[in-house]
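A.B. asks: These are the residues of each chain, in order.
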Amino acid sequence: MLQGIEVACVRGDRELFKGVNFSLEMGGLLQVSGPNGSGKTSLLRMMCGLSLPASGEIRWNGVSIGTLSEEYFACTTYIGHLAGVKDDLTVTENLCISSAMAGFEISSDDASNVLNTIGLGGREHLPVKVLSQGQRRRVALARLLACNTTLWVLDEPFVALDVAAVQLLREILERHLQQDGMVVMTTHQEIDINASLITQLQLS
Amino acid sequence: MLQGIEVACVRGDRELFKGVNFSLEMGGLLQVSGPNGSGKTSLLRMMCGLSLPASGEIRWNGVSIGTLSEEYFACTTYIGHLAGVKDDLTVTENLCISSAMAGFEISSDDASNVLNTIGLGGREHLPVKVLSQGQRRRVALARLLACNTTLWVLDEPFVALDVAAVQLLREILERHLQQDGMVVMTTHQEIDINASLITQLQLS
Amino acid sequence: MAINWFKYSSPASFYSLAGKMIPLFAAAAIILLIMGLYVGFFVAPTDFQQGEAYRIIFIHVPAAWMSMFLYVVMACWAGFGLAFNTRLSSMMATAIAPTGAMFTFLALWTGSLWGKPMWGTWWVWDARLTSELILLFLYIGFMSLQAAIDDPRRADKAGAIIALVGVVNIPIIYFSVQWWNTLHQGASVSVNQAPAMASTMLMGMLIMVFASWMYSIAVILKRVRIIILERESHTAWVAELQKEGVV
Amino acid sequence: MFLWIIKRDLLLAVRRRSDVLITLFFFVIVVSLFPLSVGPEMNLLRTMAPGVVWVAALLASMLSLNRMFSSDYQDGTLEQMLISPQSLSFLVLGKTLAHWLVTGLPLVLMAPVLGIQYDLPGDALFVLVISLLIGTPVLSLIGAIGAALTLGLRGGGVLVSLLVLPLYIPILIFGSGAVEANMAGVDFAAHLSLIGAFFFVSLVFAPWVAAWSLRVSLE
Amino acid sequence: MFLWIIKRDLLLAVRRRSDVLITLFFFVIVVSLFPLSVGPEMNLLRTMAPGVVWVAALLASMLSLNRMFSSDYQDGTLEQMLISPQSLSFLVLGKTLAHWLVTGLPLVLMAPVLGIQYDLPGDALFVLVISLLIGTPVLSLIGAIGAALTLGLRGGGVLVSLLVLPLYIPILIFGSGAVEANMAGVDFAAHLSLIGAFFFVSLVFAPWVAAWSLRVSLE
Amino acid sequence: MNWSSLSEFLSMGGYGFYVWGSYAMTLICIIGEILLISNRRRTLEKQYGHTSGLDKKRDINETTS
Ligand code: HEM
Ligand SMILES: Nc1ncnc2c1ncn2[C@@H]1O[C@H](COP(=O)(O)OP(=O)(O)OP(=O)(O)O)[C@@H](O)[C@H]1O
Ligand SMILES: Nc1ncnc2c1ncn2[C@@H]1O[C@H](COP(=O)(O)OP(=O)(O)OP(=O)(O)O)[C@@H](O)[C@H]1O
Ligand SMILES: [Mg+2]
Ligand SMILES: [Mg+2]
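Residue numbers (the numbering used here), protein chains in the order written: chain A, 38 to 241; chain X, 38 to 241; chain L, 73 to 319; chain S, 12 to 230; chain H, 12 to 230; chain Z, 94 to 158.
Be aware that a few hints might be false.
As the list claims (entries may be wrong) - Per label pair, the in silico range of CB-to-CB distance:
#1 X:E161 to H:Q128: 54 to 60 Å
#2 Z:G125 to H:K18: 34 to 40 Å
#3 X:E161 to S:L120: 33 to 39 Å
What the hints assert, rightly or not - In silico DMTMM-like links for lysine to aspartate or glutamate, alpha-carbon gap of 20 Å or less:
#4 H:K18 to H:D86
#5 X:K166 to L:D222
#6 Z:K139 to L:E312
#7 A:K55 to L:E304
#8 A:K166 to S:D198
#9 A:K55 to H:E230
#10 H:K18 to A:E142
#11 L:K315 to Z:E101
#12 Z:K139 to X:E161
#13 L:K315 to L:E302
#14 A:K166 to X:E52
#15 A:K166 to S:D86
#16 X:K166 to A:D50
#17 S:K18 to X:D125
#18 S:K18 to X:E142
#19 A:K166 to H:D20
#20 A:K166 to S:E90
#21 X:K166 to H:D86
#22 L:K315 to A:D50
#23 X:K166 to L:D223
#24 A:K166 to H:D86
#25 X:K166 to H:E90
#26 X:K166 to A:E52
#27 H:K18 to A:D50
#28 L:K188 to S:D130
#29 X:K166 to S:D86
#30 Z:K139 to L:E302
#31 S:K18 to X:D124
Stated by the list, open to error - Cβ-to-Cβ under 8 Å is the rule here; a few derived chain Z residues that face chain L:
#32 G106
#33 Y108
#34 G114
#35 Y116
#36 E126
#37 L137
Read the hints as simulated data drawn from the structure, not as lab findings.
Ideal Cβ positions, reconstructed from N, Cα and C, are used throughout, including at glycine.
With the rest of the complex left out, here is chain A (with noise of 0.2 Å):
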């Protein structure tokens, strides 16, 4: 279970939001929402250990997150505004090597099967760096596939997508929460995505 509590964040000298509160359970979707610069990219950061809440604490399964750091990467998948990808490697070649990084090794079976479900068949052995826009944030996105973890932290993951690629990755979520996943999600487009349990969290 991923807590937050009265979880504070500044950034220069202004203070973006204090006192946030929320709590997620298995099968839980988390939806951060609020206007551009009102602090989600910043709270998500935090949400994995990227940084440090200015005061408060998060707490996964009553622990916080900086006592437990190892422990709690190993069920948490973070993909945000920057792909992860690298430029130069192949499709397949960078879905191994960050998923074999976040503790997943995986064939070149699974890599292409992956890759084939997300809508990359054919392009595997491409360099990411030729691919258009919403080809790299499949790329990004195709680790939500190939690593088991139960926490899932997306800043923005319909950017970019086209039509077909959105109507995917809601069925993916859904999926994920049907099998007491759990997701943090912020994203300006209206998407209905069905879930048992739903929190918004509106940042001002």
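Mind docking chains X, L, S, H and Z with the ligands on chain A? Use the hints.
C.D. replies: Quick look at chains X, L, S, H and Z with the ligands alone, frame taken from chain A:
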């Protein structure tokens, strides 16, 4: 008038499209659509003279844009996936300098008006690197208001913008079209723009 | 985290404390400076070997000592800030660096002005001189790193790491340079063989050293107050100060 | 436009004061490294001095080259410049001038101090400064071509060295040659006027070639 | 994980062969510039040789430092590494090793050829290679700290030099000192064992400090 | 007292340039440092004058959010 005649695009060993024809009159909107990787960005870059078509020709008022170059650039604004803003300069400096380079020197009063309109009021003196994703996009888009060009070429302009900003940009586009401006645009989101003359160009 | 910081030292209370202490140290610095200069120029006799040129010693040695002390002090504050996450310690480190660099520069400058009449050259690659030069680079590295980082928290930590690595390295540099130097012919005059000093000379020098200490403390406190204001501008107590028109 | 570019680049440099200082200190550090590694004998050092200072100036100016266009490239500003209605050569000239003001000029001003570390006599110092003053703008101008050609290539920072170093060599030879000639009591004016000639030729051609290279790199 | 990192970095290096070659050529060019700028006297050159080769090796390895993390940083891979469930120090060690294999080792192999250019005797060449073989990994290890600290800062490429050069100095002194001692007929083992000591100390501490610096930089 | 005249004091037994060069640079550095600090302080104060309004606005935002 912008015209494309049998334009083809080859990237690597893949032919993205061929025989694409379009024509765009004053006050017209050209919406280029298609799934990820279908060549929208490639086409837009050709339209503003950043790359050459593999075959075919793009004409501005009947003359090939390759021959026109600077004359053509003077009436075009292109905003692509990259924001084209300097991280280390402040918001105002970015706007003033980028419009000056596009040939429109604006006073700092004008600049702050434009920035207020686009929703960056109060952040004029922050360096761009501390802004959020959506705010950076706004800095780039502010150029549309500051430069008085005819043809706007926009690659997914709505990405990363919040609901209010999407609405605002829509109005800006509509006003530009009413004043006989021309817009070429791609987007994966469904956004209705009221204009008298909308052309759809579907890349597959 | 915030509680942790305040447990050790609160910038707010330090700010006013420092404000009260600055005049004291400044006054002490001025008095000692006048005394030291008087002893240095009017009491201490002419050196029989070096003539009047030796009077550079009254700033050279204080500057050289301060340059080294201040680096160690800076590294300690920085390390303390890193270990215990106390904002104030890191601010102290940041405030010390420019003064330390200034003293290092002065030691180099006065040393070469002394070297020209004594050794006949502005500069030799002697162990002590070389390590002083490298010390200047370490200071500059520390300051440029902090200047290049906008986020103060990151600047503090990164600066602390480089200061600590540097402080470990200083003795290594000193000994390596000394060793390197002895392999070749030594410098024509060694700084180690300073002439036996008249007691008045020694006294003048020591007074000047104290004056430098007082000056450094005063300047550093003044700088740290500014840094506190710059960094804490979003807090309530600074707003309070502002309302009272103290800032 | 020209003025805007210079203004903008200088503004960026001021915003990032450390950049200017850093190139300068790189120069200082490289020059100071040699005595450490060659040893402290003053006679040896004096003979090496002009060469070392010139090589260091060359390296310092070369290493700041890839900053000339790359940040503009990465954030898409360069694309905007290419499709701006102004002459690209002028723009490149402006950027080059700004680059020299920020990286070359400080080196020239710093050189005498470093010369003193190597115990150079006064008039040799003077010739050193003059040669650097005419020579470093040439380095920036030629460097602009290299920087433009290697734009966006990974490892461009070192690739650019590879491209421009051969072109830098004549300047290096005449620059340090002038100082050595002076120290040997020979006439050094010929060396200097050759560097002057390079300067004028590159002033005329380099911006133009660099502008062209930019177009090629961004195609 | 460790192996994956090394494998990945080597794969990237192979994909971008020019990177490896370029560091090497930089080394070669710097060493070859000196005879051009100092003049062709063989005695002078022979005295300078160890110093010049070591300075060039140091510069070459230093200049490739900022590539160590920066590309991973820019495309967000480093973020992913930080939140990967593996020990970050190990990861840094892996990256450092890969960096050395790609930039340090080629220099070591190339050094004898360059030494010959300066007319170094055979056993001096041997000592030169040995000293570089133990010394260059230390450069990579210490450099990792500098690279981690300056991550994402503009002008980081030169800032990193400023930070690491003072730390490199002892290695430079003992490295070139070993060769000079050999040429002077003095015992050089002490120099080498000191470098060896630096190697072990930095092998233990540097990855740890660098990992910590990475966390600070990405905070 | 070591000096019989001002000019003797100034010439420092022929080492005037070196001695006074050192002391002058020390003076310059100290004055420079003090000036830089007070300048920094002044800009800070000016900034406070400007931003105090902004700060209040922000406080209101925070309390409403
Ligand atoms: C640029 C040149 C010089 C530099 C960088 C330099 C540096 C230093 C340093 C770092 C110290 C403090 C060392 C310690 O206490 O362990 C020192 C002390 C001293 N220096 Fe220099 N020095 C230079 C030139 C000279 C010259 C030319 C002379 C006189 C001929 C001189 C005379 C002294 C004396 C007498 C001391 C005090 C020695 C002691 O405390 O044991 N220095 N210098
Ligand atoms: N140094 C600073 N000074 C002032 N404000 C800052 C500073 N650093 C960051 N900020 C502000 O912090 C906010 C960062 O927000 P963040 O990136 O988390 O927004 P977001 O909710 O993800 O927005 P978006 O929807 O645009 O991605 C921005 O409003 C930015 O202006
Ligand atoms: N060297 C190459 N070899 C094969 N295919 C290539 C090569 N270079 C580019 N491509 C292909 O060209 C296409 C580039 O398309 P482009 O970026 O124009 O797409 P887009 O329509 O803008 O897509 P998106 O909606 O994702 O932004 C991609 O499908 C890419 O795979
Ligand atoms: Mg965001
Ligand atoms: Mg696209």
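A.B. asks: Each hint: holds or not?
C.D. replies: Consistency of the hints with the structure:
1. For E161 (chain X) and Q128 (chain H), the hinted distance range of 54 to 60 Å is satisfied, since their beta carbons lie about 58 Å from each other.
2. As the Cβ distance of G125 (chain Z) to K18 (chain H) is approximately 54 Å, the hint placing it in 34 to 40 Å is violated.
3. For the hinted restraint 33 to 39 Å between E161 (chain X) and L120 (chain S), the CB-CB distance of approximately 35 Å keeps it satisfied.
4. This hinted pair checks out: K18 (chain H) and D86 (chain H) have alpha carbons roughly 19 Å apart, not beyond 20 Å.
5. Taking the CA atoms of K166 (chain X) and D222 (chain L), the gap is about 10 Å. The hint holds against a cut of 20 Å.
6. Restraint check for K139 (chain Z) and E312 (chain L): the C-alpha separation of about 17 Å stays at or below 20 Å, so the hint holds.
7. With a C-alpha separation of about 17 Å, the suggested pairing of K55 (chain A) with E304 (chain L) holds against the 20 Å cut-off.
8. For the hint linking K166 (chain A) to D198 (chain S), the alpha-carbon distance of about 56 Å lies beyond 20 Å, and the restraint is violated.
9. Taking the CA atoms of K55 (chain A) and E230 (chain H), the gap is about 19 Å. The hint holds against a cut of 20 Å.
10. Annotation: proposed proximity of K18 (chain H) to E142 (chain A) holds, straight-line Cα distance about 14 Å (limit 20 Å).
11. Our distance criterion of 20 Å between C-alpha atoms is broken by K315 (chain L) and E101 (chain Z), whose separation comes to about 56 Å.
12. About 18 Å separates the Cα atoms of K139 (chain Z) and E161 (chain X), which keeps this hinted pair within 20 Å; it holds.
13. Under the criterion of a C-alpha separation no larger than 20 Å, the hint pairing K315 (chain L) with E302 (chain L) is consistent with the structure, at around 16 Å.
14. Between the alpha carbons of K166 (chain A) and E52 (chain X) the distance comes to roughly 17 Å, so the proposed pair stays at or under 20 Å and holds.
15. Taken as a hint, the K166 (chain A) and D86 (chain S) pair is honoured in the structure, with Cα atoms around 16 Å apart against an allowance of 20 Å.
16. For the proposed pair K166 (chain X) and D50 (chain A), the alpha carbon gap of about 15 Å is at most 20 Å, so the pair holds.
17. Between K18 (chain S) and D125 (chain X) the CA atoms are separated by roughly 14 Å; this keeps the pair inside 20 Å, and the hint holds.
18. The straight-line distance between the Cα atoms of K18 (chain S) and E142 (chain X) is roughly 14 Å, inside the 20 Å bound, and the hint therefore holds.
19. Note on K166 (chain A) and D20 (chain H): the hinted pairing holds, with a Cα-Cα distance of about 17 Å set against a maximum of 20 Å.
20. Of the supplied pair hints, the one linking K166 (chain A) and E90 (chain S) holds, its CA atoms being roughly 18 Å apart against a limit of 20 Å.
21. The hinted pair formed by K166 (chain X) and D86 (chain H) meets the criterion: a straight-line CA distance of about 16 Å does not exceed 20 Å.
22. The suggested pairing of K315 (chain L) with D50 (chain A) holds, with an alpha-carbon distance near 18 Å, which does not exceed 20 Å.
23. Of the pairs offered as hints, the one joining K166 (chain X) and D223 (chain L) holds, with about 12 Å between alpha carbons and a cut-off of 20 Å not exceeded.
24. As the CA atoms of K166 (chain A) and D86 (chain H) are separated by approximately 11 Å, the hinted pair is consistent with the 20 Å bound.
25. Taking the CA atoms of K166 (chain X) and E90 (chain H), the gap is about 18 Å. The hint holds against a cut of 20 Å.
26. Proposed proximity of K166 (chain X) and E52 (chain A) is supported: the alpha carbons are some 17 Å apart, at most 20 Å.
27. A threshold of 20 Å between alpha carbons decides the hint, and for K18 (chain H) with D50 (chain A) the separation of about 43 Å lies outside it, so the pair is violated.
28. Distance restraint check for K188 (chain L) and D130 (chain S): the Cα-Cα separation of roughly 11 Å lies within the 20 Å cut-off, and the hinted pair is therefore satisfied.
29. Our distance criterion of 20 Å between C-alpha atoms is met by K166 (chain X) and D86 (chain S), whose separation comes to about 11 Å.
30. Simply put, K139 (chain Z) and E302 (chain L) have alpha-carbon atoms about 12 Å apart, close enough for the 20 Å limit, and the pair holds.
31. Between K18 (chain S) and D124 (chain X) the CA atoms are separated by roughly 16 Å; this keeps the pair inside 20 Å, and the hint holds.
32. Because the smallest distance between the Cβ of G106 (chain Z) and any Cβ of chain L comes to about 4 Å, under 8 Å, the interface hint for this residue holds.
33. Because the closest C-beta pair between Y108 (chain Z) and chain L is about 4 Å apart, less than 8 Å, the hint holds.
34. Interface hint status for G114 (chain Z): upheld, as the beta-carbon distance to the closest one in chain L is roughly 5 Å, under 8 Å.
35. Because the beta carbon of Y116 (chain Z) sits about 7 Å from the nearest beta carbon in chain L, less than 8 Å, this interface hint is met.
36. For E126 (chain Z), the shortest C-beta to C-beta distance to chain L is roughly 6 Å, which falls under 8 Å, so the interface hint holds.
37. Hint on L137 (chain Z) holds. Least Cβ distance to chain L is approximately 6 Å, under the 8 Å limit.
Of the numbered hints stated above, those contradicted by the structure are hints 2, 8, 11 and 27, listed in ascending order.
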